[in-house]
Amino acid sequence: MQPTKLLQQQWQGRTALVTGATAGIGRQVCEQLVAYGIPVVGIGRRKEKLDELSSHFQQTYPQGHFLGIPADIRSEQAIQQAMQQINQWNGNQGVDILVNSAGVGYASQLIDGDTECWREMWETNVLALSILTREVIQDMKRRSVDDGIIIHVSSMAAHRPIALSFYSATKAAVKMLGDCLRQELRQSNSNIRVAMVSPGHVETEFYIHVGGEAFANNLYRSIKCLQPKDVADSIVYILSCPSGVDIHDIWMRPRDMKF
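For the sequence shown, position 62 (counting from the first letter as 1) is numbered 62 according to the UniProt record's numbering, and the numbering increases by one without interruption.
For the record, the hints were derived by calculation from the structure and aren't laboratory data. A few of these clues could be false.
Okay, derived cross-link-like pairs now, DSSO-like style, lysine-lysine, Cα gap no bigger than 30 Å in a straight line [what the hints assert, rightly or not]: (1) Lys229 <-> Lys258; (2) Lys175 <-> Lys229; (3) Lys49 <-> Lys229; (4) Lys175 <-> Lys141; (5) Lys224 <-> Lys175; (6) Lys5 <-> Lys229; (7) Lys258 <-> Lys141; (8) Lys258 <-> Lys49; (9) Lys141 <-> Lys224; (10) Lys229 <-> Lys47; (11) Lys224 <-> Lys258.
The following label-pair restraints were derived from C-beta to C-beta distances [said to hold, decoys possible]: (12) Gln81 <-> Asp246: 27 to 35 Å; (13) Gln138 <-> Ala107: 24 to 32 Å; (14) Glu76 <-> Cys117: 32 to 40 Å; (15) Arg134 <-> Gln109: 28 to 36 Å; (16) Ser165 <-> Gln187: 40 to 48 Å; (17) Gly244 <-> Asn217: 41 to 49 Å; (18) Gln80 <-> Glu116: 39 to 47 Å.
Predicted model, so just to flag it, every value in this text is computed and none were measured. Ideal Cβ placement from N, Cα and C applies to all residues, glycine included.
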């Protein structure tokens with residue numbers, strides 16, 4: 001069976017929740033899953049971007065199903081309200097696929113970095129991801145679903161030291177959270193899978209956020225970066241694998257990347 005057909009067969013009618021849905025990797029993941037006929041909920045901070053995305057999907061994939069929820073996932077209450085909204089939208093069918101794609105980074109080093117930048121990175125990249133993961137797994141258990149999947153978008157910075165100490169530490173935490181969650185689920189005899197994708201430089205708004213437009217443009221000129229679709233393709237691959245296949249982590253980076 002072709003991988004895409006297996007994806008559609010395994011996940012037909014089962015809802016995917018994607019964070020960071022308004023741009024970059026998250027947006028591309030939403031696009032691909034909606035195209036494959038999977039009901040998708042996208043969470044992002046910018047309501048106008050979610051509205052644009054919803055309109056685009058309605059025009060491009062008229063048979064698709066997409067719900068945009070504007071929310072700041074650093075708020076536990078906002079996450080819990082989003083889960084309630086999802087269950088109202090899909091008839092209490094919950095979430096069977098979680099793609100934790102939201103992330104933020106600052107060029108804030110440990111030597112002289114800004115505490116508020118560190119706090120935002122920790123709350124977004126680690127704490128929000130953890131709360132979302134917990135809420136989705138609890139929702140699966142409530143519905144006696146034992147074949148869902150959690151996918152974290154990590155980073156090569158989790159595996160290779162770079163001079164962005166705090167950002168790298170948050171991504172290393174994501175890796176360890178994913179690996180330990182897999183063990184927790186195995187100990188409880190659960191078949192819920194946990195996978196990660198660790199990309200290197202990807203051409204997104206992320207690097208504008210890190211160092212400004214000049215910094216981002218210089219990076220994009222210096223090497224041929226990965227595209228959001230490259231990372232989304234790897235997530236589609238994970239979802240296309242048979243349920244007995246456990247993908248732990250996909251490392252991917254531009255050929256010219258130096259770390």
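Verification of the hints:
| no. | hint | verdict |
| --- | --- | --- |
| 1 | Lys229 <-> Lys258 | 22 Å, holds |
| 2 | Lys175 <-> Lys229 | 22 Å, holds |
| 3 | Lys49 <-> Lys229 | 19 Å, holds |
| 4 | Lys175 <-> Lys141 | 23 Å, holds |
| 5 | Lys224 <-> Lys175 | 26 Å, holds |
| 6 | Lys5 <-> Lys229 | 19 Å, holds |
| 7 | Lys258 <-> Lys141 | 43 Å, violated |
| 8 | Lys258 <-> Lys49 | 34 Å, violated |
| 9 | Lys141 <-> Lys224 | 43 Å, violated |
| 10 | Lys229 <-> Lys47 | 23 Å, holds |
| 11 | Lys224 <-> Lys258 | 12 Å, holds |
| 12 | Gln81 <-> Asp246: 27 to 35 Å | 32 Å, holds |
| 13 | Gln138 <-> Ala107: 24 to 32 Å | 36 Å, violated |
| 14 | Glu76 <-> Cys117: 32 to 40 Å | 21 Å, violated |
| 15 | Arg134 <-> Gln109: 28 to 36 Å | 31 Å, holds |
| 16 | Ser165 <-> Gln187: 40 to 48 Å | 32 Å, violated |
| 17 | Gly244 <-> Asn217: 41 to 49 Å | 45 Å, holds |
| 18 | Gln80 <-> Glu116: 39 to 47 Å | 25 Å, violated |
In this structure, the earlier hints numbered 7, 8, 9, 13, 14, 16 and 18 are contradicted, and the remaining ones agree with it.
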